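Student: Just so you know, the protein sequences line up as chains A and B, in that order.
Mapped onto numbering that gives the first Met the number 0, the consecutive letters of the first sequence carry residue numbers 0 to 405.
Mapped onto numbering that gives the first Met the number 0, the consecutive letters of the second sequence carry residue numbers 0 to 405.
Among the clues, some could well be false.
To be verified - Restraint-style ranges between C-beta atoms, simulated for each label pair: (1) 283/A - 23/B: 35 to 41 Å; (2) 222/A - 90/B: 44 to 50 Å; (3) 277/B - 114/A: 58 to 64 Å; (4) 142/A - 55/B: 16 to 22 Å; (5) 114/A - 116/B: 24 to 30 Å; (6) 55/B - 59/A: 46 to 52 Å.
As the list claims (entries may be wrong) - Chain A residues, not near chain B, derived (Cβ > 10 Å throughout): (7) 55; (8) 63; (9) 70; (10) 77; (11) 86; (12) 121; (13) 124; (14) 220; (15) 241; (16) 279; (17) 305; (18) 351; (19) 366; (20) 371; (21) 373; (22) 384.
What the hints assert, rightly or not - Covered by chain B, according to a simulated footprint, are these stretches of chain A (three or more residues, beta-carbon under 8 Å): (23) 1-9; (24) 29-38; (25) 92-99.
No lab work stands behind these hints, which were simulated from the structure alone.
Since this is a predicted model, take the numbers as computed values, not measurements.
In this text, a Cβ means the ideal position worked out from N, Cα and C, and glycines have one as well.
Here is what each chain is made of, one letter per residue.
Protein chains: 2
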Amino acid sequence: MTLVVQKYGGTSVGTAARIRRVSRRIADTAASGCQVVAVVSAMGHTTDRLIELAHRVSDEPPGRELDMLVANGETITAPLVAMCLQGMGVPAISLTGQQAGIRTGPQHSKARIREIDPVRIRQALDRGQVAVVAGFQGVTEELEITTLGRGGSDTTAVALAAALDAAECEIYTDVDGILTADPRVVPEARLLRFIAYEEILELAAVGAKVMHPRAVEIGELYGVRIHVRSSFHQRPGTMIVAELPMEERNRVRGVAHESNVAKITVMGVPDRPGVAAAIFEPLAEAGISVDVIVQNVSTDGITDLTFTCADSDLRHASKVIEKVAREIGAREVVHAGGVAKVSIVGTGMLGTPGIAARMFRTLAAAKVNIEMISTAEIRITCLVARKDAEKAVRALHSAFQLDQVA
Amino acid sequence: MTLVVQKYGGTSVGTAARIRRVSRRIADTAASGCQVVAVVSAMGHTTDRLIELAHRVSDEPPGRELDMLVANGETITAPLVAMCLQGMGVPAISLTGQQAGIRTGPQHSKARIREIDPVRIRQALDRGQVAVVAGFQGVTEELEITTLGRGGSDTTAVALAAALDAAECEIYTDVDGILTADPRVVPEARLLRFIAYEEILELAAVGAKVMHPRAVEIGELYGVRIHVRSSFHQRPGTMIVAELPMEERNRVRGVAHESNVAKITVMGVPDRPGVAAAIFEPLAEAGISVDVIVQNVSTDGITDLTFTCADSDLRHASKVIEKVAREIGAREVVHAGGVAKVSIVGTGMLGTPGIAARMFRTLAAAKVNIEMISTAEIRITCLVARKDAEKAVRALHSAFQLDQVA
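Go ahead and model the full structure; you've got the sequences and the hints to work with.
Tutor: Structure below.
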């Protein structure tokens, strides 16, 4: 019997009516002869409301208690879906993270799954029940309740699919799947029928809001077939796979962009061992996430070092960096908001020469100035002025013929 | 070190501001040198809202899933109180029913506590932490989440006090404690400093909304000192004890009344074995709770049988009884809403002759007609017209000098 894991996010279960619709879809899958494990998120803004409540009674809610609190979001949804299914005549049982056997490490608010002991899920499936599992949560060895942090329910779903050796893990969302670009910027953006694990990881890294990379990594590690699809219609979405079908290879596959970016350049840095660490350690300690880093070759033992961070972190980062610059004897710090990252991604880039050249030529033809370049194995990222970002995305989408089916 | 269990109901923790106030009180108790276990209910109308949500996705929510759902009410409050305490510098930890070691039988929505294994609570107390326990819930041997039904959080608190051998179990509420009568009816009603377990059980049975009898029964069984008091001020309330202090004995202790009562009389019942069962079994099957039952001695093998039920059950009960009456060959069924029960309660009645006579004389002097009489060991109940109920209560309160300190 085919076993399918389905994950429904907060928007999909946001109201009683939506819970009924999701339950209908689960019921249809069960009726088609599949065993179903449904992983559900908290309804709509429940998690935000619980966190707000926490901040009204505590200036700094401790992690353990915050996890105890927010885990209720998912344990409210799960029994609602299970009782709705039962009302439709579909045997079902809800399970907390603990009951589902999801054991995590002890780090609250971003616990990592250590192992899954799905004995109760198997029991439910053997009895012909749908298992409705509260996503985003687990339990430590000491039975402390933990939450998995960002992308938590995706992670629960993919990890369960791995542990249960499911035929497929369906991630239901409010978009059709993974597109070649943001359709609000590129109306011709096309749904990708397949995407490679590493491609979606690179896309997520450069700002495409698709699936959480953490869940994708587990999927890649255990070879889980992940299907990202819409909960609003029945059409297939995007399959995340290890190997692309032949006709999808040898191409640039998507264009991503991220607008809320700032860049900081430390100029005249003495080029000696440990200097990069001296710059980036204080930033990490300050909780600032640094993105693309570029350092040019040095001239006369002096170099320039540029990195990007979120626009919202710019002030804080500048303050930290000004201090560091004085300590290491750098000449000056220059910073600028108002920039954007534009990236092309695709495993096809690996064996195809000239992709980078074509990207730069395309941007030049569109009169977009490139402020900085960073490349990875299957990705090229250019930093451009924010006002040029959308124009750049459209030019690249067209130049690499992403609007045309391979 | 003195160990105190405190229970805070839904009204006391209904908002963030009230959670802060409750936490302040817990902090004060801890600061006075006590170890504190705080049992908390769901915030305000949370439980009602969760049940409403259940009914919007399911016509008949199954018990297991409903328990999974409503248990979230208490597991939301507990971490909020714990984090608030920590913010005040008081070490604290929240515990679910399961973590607190509350093991119940398998009956959902009205599970009974089987045993308590308070190892985590003791651990917390040993570490100098306040243990904040989610009330109303427990867990079966199979780790299924159960709820305890009506009076659940009171039951959790008293049972924990018994298991931990606490010096006292404080039940915080929105009234001052237990009064000699309803103060809305009798302005002279006086706070009782002490009340016997059996007295409070009889008062609850005749409509006085004080503590749930189930919690009181556990208190009596294990000799827990229960202190019912207000969460709005510091004055002591009512201690529930096994033996009343000498000066409080030999008295009627309280007058209770219940207005939403209907009575049904089955007239001309053939007086043969099994006939009472034939009448009351169908009522029980129909889920109708029958209250006072009176059957007179029979004349010529024919008797009349009267019972009371809630006004809201009158129509349903009448229908059931009409059918039964035909089957057993009774003459006719007479029913009437608009009646009330008025009761006097007190262990002092046991050794004091003439109490019943004084009650009847008092009602006669107040021109209140007695429709039916029922007595228990420490209680006498009269059924009167609803319009006379308050007058009767005031007359009895005065006649038995309940406004005067013993």
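Student: For a quick check of understanding: which of the numbered hints are violated here, in increasing order?
Tutor: Violated: hints 4, 6, 7, 8, 9, 10, 11, 23 and 24.
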